[in-house]
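S.K.: Chains C and D supply the protein sequences, listed in that same order.
Under the working numbering, think of the first position of the first sequence as 11, with each following residue one higher.
Under the working numbering, think of the first position of the second sequence as 19, with each following residue one higher.
Hints may contain errors.
What the hints assert, rightly or not - Each pair of labels, with its calculated beta carbon distance range:
| no. | chain 1 | residue 1 | chain 2 | residue 2 | range |
| --- | --- | --- | --- | --- | --- |
| 1 | C | L55 | D | D42 | 51 to 61 angstroms |
| 2 | D | C29 | C | S99 | 16 to 26 angstroms |
| 3 | D | L106 | C | R148 | 50 to 60 angstroms |
| 4 | C | I128 | D | L74 | 54 to 64 angstroms |
| 5 | D | W69 | C | L47 | 41 to 51 angstroms |
| 6 | D | C29 | C | E65 | 30 to 40 angstroms |
| 7 | D | S34 | C | S136 | 27 to 37 angstroms |
| 8 | D | C29 | C | Y67 | 26 to 36 angstroms |
| 9 | D | G113 | C | S193 | 25 to 35 angstroms |
What the hints assert, rightly or not - Computed footprint of chain C on chain D; a stretch qualifies when at least three of its residues, placed anywhere within it, have a C-beta under 8 angstroms from a C-beta of chain C:
| no. | segment |
| --- | --- |
| 10 | 19–26 |
| 11 | 29–43 |
| 12 | 109–120 |
Calculated from the structure, these hints are not laboratory results.
All residues carry an ideal CB built from backbone N, CA and C; glycine is no exception.
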Amino acid sequence: MTFSSLQKSAQKYRSVFFAEEFIPRKRRKTAEAFFALAIFVLSILFLSGIFGAEENYLIAAFILIAIMLIKLRMLEAFCSSNERIMRESADFNTLSIVRRSDPSDLLRSLILSDIGEISLLRAGASKESLETYLASDRVKVSAAQFDESSRPFSGILTLAEYVRLTISLDPAFVALLAADQVSLKDVEGAERWISESDTREKSRSSWWSGENLAADFDHLSLKCNIQEPVDPAAVLPALLLRVPALEERDKVFFTFPALLSLADRTSCCIIGTAAPQRAFEILYLLPSYAKSLGDTVIRPSHVKHFFGKE
Amino acid sequence: MEIVILSFDYCAWHYSQALEDFFDVCANFLFLIHRTFSLPAKRINQQFPRWPGRILGIVRAFLSIFAGFLITVIAFIIESILLLIWILLPLILLGLFYAAIRSIFVS
Numbered sequence: 011m012t013f014s015s016l017q018k019s020a021q022k023y024r025s026v027f028f029a030e031e032f033i034p035r036k037r038r039k040t041a042e043a044f045f046a047l048a049i050f051v052l053s054i055l056f057l058s059g060i061f062g063a064e065e066n067y068l069i070a071a072f073i074l075i076a077i078m079l080i081k082l083r084m085l086e087a088f089c090s091s092n093e094r095i096m097r098e099s100a101d102f103n104t105l106s107i108v109r110r111s112d113p114s115d116l117l118r119s120l121i122l123s124d125i126g127e128i129s130l131l132r133a134g135a136s137k138e139s140l141e142t143y144l145a146s147d148r149v150k151v152s153a154a155q156f157d158e159s160s161r162p163f164s165g166i167l168t169l170a171e172y173v174r175l176t177i178s179l180d181p182a183f184v185a186l187l188a189a190d191q192v193s194l195k196d197v198e199g200a201e202r203w204i205s206e207s208d209t210r211e212k213s214r215s216s217w218w219s220g221e222n223l224a225a226d227f228d229h230l231s232l233k234c235n236i237q238e239p240v241d242p243a244a245v246l247p248a249l250l251l252r253v254p255a256l257e258e259r260d261k262v263f264f265t266f267p268a269l270l271s272l273a274d275r276t277s278c279c280i281i282g283t284a285a286p287q288r289a290f291e292i293l294y295l296l297p298s299y300a301k302s303l304g305d306t307v308i309r310p311s312h313v314k315h316f317f318g319k320e
Numbered sequence: 019m020e021i022v023i024l025s026f027d028y029c030a031w032h033y034s035q036a037l038e039d040f041f042d043v044c045a046n047f048l049f050l051i052h053r054t055f056s057l058p059a060k061r062i063n064q065q066f067p068r069w070p071g072r073i074l075g076i077v078r079a080f081l082s083i084f085a086g087f088l089i090t091v092i093a094f095i096i097e098s099i100l101l102l103i104w105i106l107l108p109l110i111l112l113g114l115f116y117a118a119i120r121s122i123f124v125s
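Bound conformation, chain C alone:
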């Protein structure tokens, strides 16, 4: 996973990034709500007879607002569709930072990016420290150094991993963060939170997706990122797991044996393959289905049999 390959991926989706910069998602949603309200009000006015068909300007306004609303929805669909495809091979937030990064000074580009700045501040770094660092005589983190350190990674490089790799290449910056009592783990956690909040919000707004329509029925699909490189034959050292159906609604860390014992306690089955891509799907199944399959870890072929697809 080299920096240039990330930039190539970002270039492939440049239209999506441009659309996000041109009209950010929040602004699109606000505009949609405003236009929908305007159409609703105009419809009421026409239907109530306050304004008749002779009010040409109002009719024109009604039609133009409807066109704007449709176009905004089409743009949203375009961005969502492409982001969903992008997620299979790359992380949207990572690429949005990489796209604007200067290959000779990656850390500066990270700090100056919106996501980078928000996550560092959220992790506990102070704005003054970041400004001091940028203004100081410092060692620049280059793309070549990044390529060297990212060599062990294959598959999708998440935002948290990208940030950790970039920051750890400059010990002076790590020391600066430590002075603010911020560790790399704190920064990673903040990045992960931002990415997951973003993904969760987008997934929730796509109510027509398979994940949402099937969620109340037989399974909840949870994507988990593994913190450490995974040896498929070994027990996983740690998992970040969200289990919204259980009492623990916040993010918690489990070891894999603890996760299996949690499964025993709730009579559910967990499907997982320790993947080279460092992420795997946990499907939380209803007890009735779990019982019919037994209480061992199930293979993905069972998933195919039950859901009719991988």
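Chain C is fixed; fit chain D onto it per the hints.
M.R.: Same frame as chain C, but now just chain D:
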């Protein structure tokens, strides 16, 4: 320049990936209908071990399956209409824009 590239990419997406996504969404809805209205025979046997109850169960299953079939047919019709609208959407928007401009300039 970026706007032009976005327009081209959008047009390509509208008639390729978007249609694929549309069919996926249709499949999700059909899956939802199937899960809501299907009632396997095994569950009737389990819920109603005796015959009088089983007859009631069979009637209920038949009504549920019939309702599911009806809703599936309606869903197919709606999905076909939506597919047609999606394919013709650029023309529809052009037509609406023309109608709006005409409304302003023609009394």
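S.K.: Determine for every hint whether it applies to the structure shown.
M.R.: Verification of the hints:
1. C:L55 to D:D42: 51 to 61 angstroms: 39 angstroms, violated
2. D:C29 to C:S99: 16 to 26 angstroms: This hint holds: roughly 23 angstroms between Cβ atoms.
3. D:L106 to C:R148: 50 to 60 angstroms: 58 angstroms, holds
4. C:I128 to D:L74: 54 to 64 angstroms: About 60 angstroms separates the Cβ atoms of I128 (chain C) and L74 (chain D), which means 54 to 64 angstroms holds.
5. D:W69 to C:L47: 41 to 51 angstroms: Roughly 58 angstroms apart at Cβ, these two residues miss the hinted range, so it is violated.
6. D:C29 to C:E65: 30 to 40 angstroms: 35 angstroms, holds
7. D:S34 to C:S136: 27 to 37 angstroms: 48 angstroms, violated
8. D:C29 to C:Y67: 26 to 36 angstroms: Since the Cβ atoms of C29 (chain D) and Y67 (chain C) sit about 31 angstroms apart, the hinted range of 26 to 36 angstroms holds.
9. D:G113 to C:S193: 25 to 35 angstroms: 60 angstroms, violated
10. 19–26: holds (count 4)
11. 29–43: holds (count 7)
12. 109–120: holds (count 6)
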